[in-house]
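Peer 1: Using this note's numbering, read the sequence shown as starting at 1 and increasing by one per residue.
Treat the hints loosely; a few may be bogus.
Heads up, simulated DMTMM-like pairs for lysine to aspartate or glutamate below, C-alpha to C-alpha not over 20 Å straight-line [unchecked claim]: (1) K165 - D110; (2) K131 - D52; (3) K174 - E163; (4) K90 - D171; (5) K159 - E147; (6) K105 - D79; (7) K176 - D129; (8) K165 - D130.
Because the hints were derived from the structure by calculation, they are not lab data. These numbers come from a predicted model, not from an experiment.
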Amino acid sequence: MKIEIKKLILVFLLGVAAGILSFVLLSQNMAAVTVQTIFSPENGDEIIAFIDSARTSIDIEMYVFTSNEILQALKRASDRGVTIRIILEKRVINSDNERIFNELKINGIDVKWASQDYRLTHAKFIIVDDKAVLVGSHNFSNSAMRENREASVIIRAEKIVNEFKEIFEEDWIKAK
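Model the full assembly from the supplied sequences, consistent with the hints where possible.
Peer 2: As structure tokens, then:
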């Protein structure tokens, strides 16, 4: 039964990714759009590479954050002078979100708890340099990067990135 549910979730997430891709391709000049798929566990390192590619800014909304590897990538980005803002969900059971939240704060990274205006903030996206967004099923966890079947996409398309940026800005204002 669990395997069937996991398959349904994977099919749903792939459908979401296909829908986003279709929207991008239909609504913008195809020359201005690139989409890169990330499937874990095979390509979990692409998330680290995406963070490492940042030169000016990283904005993140994340449900679960337990990965020390991603934490280290964010510390490296901060050390390079990249402006980082992170919104984390506080109401996650059996999660290290609070430990990670405190670790980020100690390292001077701007982090807030997601607004309670929603039942949960289950969004999982990263905006890098206001030019690309990674969105999909990946949480910031070792299991998401190394064990689970996860599916995400990196989209480089101004209109789509701007839409995610608008949502992030709204959520940042509401976050505590």
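Peer 1: Next step is simple, just say for each hint if it's right about the structure.
Peer 2: Now the hints, each set against the structure:
A C-alpha spacing of about 16 Å is found between K165 and D110, which places the hinted pair at or below 20 Å, so the restraint holds. With a C-alpha separation of about 14 Å, the suggested pair K131 and D52 falls inside the 20 Å cut-off, and the hint holds. Distance hint between K174 and E163 is fulfilled; the C-alpha atoms sit about 17 Å from each other, no more than 20 Å. Restraint check for K90 and D171: the C-alpha separation of about 14 Å stays at or below 20 Å, so the hint holds.
For a cut-off of 20 Å, the pair hint linking K159 to E147 is broken: about 33 Å separates their Cα positions. Pair hint K105 plus D79 holds up; C-alpha atoms about 14 Å apart against a cutoff of 20 Å. Our distance criterion of 20 Å between C-alpha atoms is broken by K176 and D129, whose separation comes to about 23 Å. Using a Cα cut-off of 20 Å, the hinted pair K165 and D130 holds, with the two alpha carbons roughly 7 Å apart.
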